[in-house]
Amino acid sequence: MTYLEFEKPVAELQEQLDKLRLIGEQGKVDVTASVAEMEEKIGELRKNIYENLNAWQRVQLSRHPDRPYTLYYIENLCENFVELHGDRAVGDDKAIVGGFGLMDGQTYLFLGQQKGVNTKMRQYRRFGMANPEGYRKALRLMKLAEKFNKPIVTFIDTPGAFPGIEAEERGQAEAIARNLFEMTLLKVPVICIVLGEGASGGAIGIGLGDRIFMLENTWYSVISPEGCASILWRSADFKEQAAEALQLTAKNNFELGIIDGIIKEPLGGAHVNPKSMVTNLKRAIKKNIKELSAMDPEERIQARIDKYSAMGRFTEVSK
Amino acid sequence: MERVSWFKRLKEGITTSTREKKEAPDGVWVKCPSCKKAYRNKEFLENLKICPYCDHHSRLNSEEYFDIIYDESEYKILFADLRSIDFLGFTDSKSYQVRLDEAYEKTGLSDAMAVAEGTVDGHPLVVACMDFEFIGGSMGSVVGEKIARAVDRALEQRSALLIISKSGGARMMESSISLMQLAKTSAKLTQLAREGVPYFSLMTDPTTGGVTASYAMLGDINMAEPGALIGFAGPRVIKETIKKDLPKGFQRSEFLLESGFLDFIVDRRLLRQRLMELLVLFKS
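Those protein sequence lines, which keep their order, are chains L and G.
Residues in the first sequence are numbered from 1 upward in steps of one, following the numbering used here.
Residues in the second sequence are numbered from 1001 upward in steps of one, following the numbering used here.
Next up, chain L with everything else stripped away, as it sits in the complex (with noise of 0.2 Å):
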């Protein structure tokens, strides 16, 4: 397990109580009151820590190496996956996997943004950030899942859409664009769920849906908490202050209207129990599902455009 800053307070004591646990294996003493003690005091500090986060620290969990990504939740969601590749045009990005499932006898399409589960990995899925091509896949599969009339859910996780030359020269701006614009005409039910990073243009290009939910722990914003401290503050640095000015968490986003809801992580994350975390998820995209496809399709598209139209925050002068 590895351990953010925050955490040390917890892995102090787990370390403690693992020694205390060796002497009583040991055999010599009972340590049974001592490590009962010891367990409620981890648990009561953990409760403390996780119910307390602030903006960055969440942004940290969100990050965190051992938190599962798009295909893990894909593979233990699902029977049955087959992932698809390619754009029909150019290649097939990495950085975007997504293929048709049975999750409890129905058929769904999932894609998502996909990290790498190691430093290898990460180079090859190029950290979550898709290329044009990726998002010309994503909405290649999209238009496969209306055809046959099966619903659709996207996993979001991604710190941005690639900035590169080829990425530009193939239409980066174009290709999200693109997919807002289709997104909105979705004959079939939509859900999007933000799993770890939701930064900006690359996260809503697979974001557009009649329902969105973040993890509890995770981020959703217009840019990453150190790519606004670096524009507004000048440096870096001020990461932590830009993650609270941003207003970048699932409650921030829930309250501003922007998601539907907020599907809860296990104490400490996602990565602490990734079955129950996989439980919780099943359970939400099921529910929501199955109330979107009782709309008829040229309804659930009006109220996706209502939703959107809906969004914005001003005020009117009077002459």
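Honestly, I wouldn't trust all of these hints.
Stated by the list, open to error - 30 Å max Cα-Cα, derived DSS-like pairs, lysine-lysine:
| id | chain 1 | residue 1 | chain 2 | residue 2 |
| --- | --- | --- | --- | --- |
| 1 | L | Lys282 | L | Lys28 |
| 2 | L | Lys239 | G | Lys1239 |
| 3 | L | Lys94 | G | Lys1036 |
| 4 | G | Lys1239 | L | Lys94 |
| 5 | G | Lys1283 | G | Lys1036 |
| 6 | G | Lys1036 | L | Lys120 |
As the list claims (entries may be wrong) - The calculated label-pair distances, taken between Cβ atoms and stated as ranges, are:
| id | chain 1 | residue 1 | chain 2 | residue 2 | range |
| --- | --- | --- | --- | --- | --- |
| 7 | G | Glu1195 | L | Arg283 | 48 to 56 Å |
| 8 | L | Lys251 | G | Glu1240 | 26 to 34 Å |
| 9 | L | Lys187 | G | Lys1244 | 50 to 58 Å |
| 10 | L | Leu4 | G | Lys1244 | 46 to 54 Å |
To be clear, the hints were calculated from the coordinates, so they are not data collected in a lab.
Nothing here was measured: the structure is a model prediction, and the numbers come from that model.
Quick reminder that beta carbons are idealized off the backbone N, C-alpha and C, glycines included.
Let chain L serve as the given structure and place chain G on it in line with the hints.
Okay, now just chain G, sitting in the frame of chain L:
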């Protein structure tokens, strides 16, 4: 001569009489930022702020575009009452509200976008035009709402829509709400598409970030002024990421035309003419 006399003023005052000096008051001469040649401001303005030597297009504001585009420079400004609000209480070196107040003061504009309606050679046209001077032409709630209302207006009037983009991207001080303007504007444009109302997008220098990744790239016709910077990521960010120098002309209009993302490049002096042609061609 003693050495101290070197520092002694022998003649009093400056000898050139004021009458003999060449006058160069501000605003008479302009130096082209591209070819560095100087020319008279009057000539520059008559040439729609285009350099007479190298055709470099300097930035125009929304009012100047409306004057160029509409018949007899007559038009009606719409939705001018919309104002941004600092709903997050966003503060970096200064608060968003202070930034807004300074921008109102400095530019005399109400936000980074103005919408107008009028006719072009008798054909109705709604134009939504961005102003770069207002917080870097950033897109926040007001920009998004003005586009949404411009779409509604174009639908009501069955008139074509032109959006002139000029923006550094989404407005950070409105955080995820400004990100949602990408979705909002794109979703609204589907309504025009479904009703068969033409939407023309004109990209001018610079068009980057969230604006490019939403309405700017979604035109039935995508056009750009010559030499405009157009892209998703800014050149500096790309350079830092790939740690290489960028090719010459990268992310300029001509590069986008070659890459297949523009229908054509239009010289500002021919913009009105081009719009007239398009409005006839797309007339229902």
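For each hint, the structure was consulted:
no., hint, result
1, L:Lys282 with L:Lys28, "violated, 47 Å"
2, L:Lys239 with G:Lys1239, "holds, 22 Å"
3, L:Lys94 with G:Lys1036, "violated, 46 Å"
4, G:Lys1239 with L:Lys94, "holds, 22 Å"
5, G:Lys1283 with G:Lys1036, "violated, 43 Å"
6, G:Lys1036 with L:Lys120, "violated, 49 Å"
7, G:Glu1195 with L:Arg283: 48 to 56 Å, "violated, 40 Å"
8, L:Lys251 with G:Glu1240: 26 to 34 Å, "holds, 32 Å"
9, L:Lys187 with G:Lys1244: 50 to 58 Å, "violated, 44 Å"
10, L:Leu4 with G:Lys1244: 46 to 54 Å, "violated, 34 Å"
The earlier numbered hints that this structure contradicts are 1, 3, 5, 6, 7, 9 and 10.
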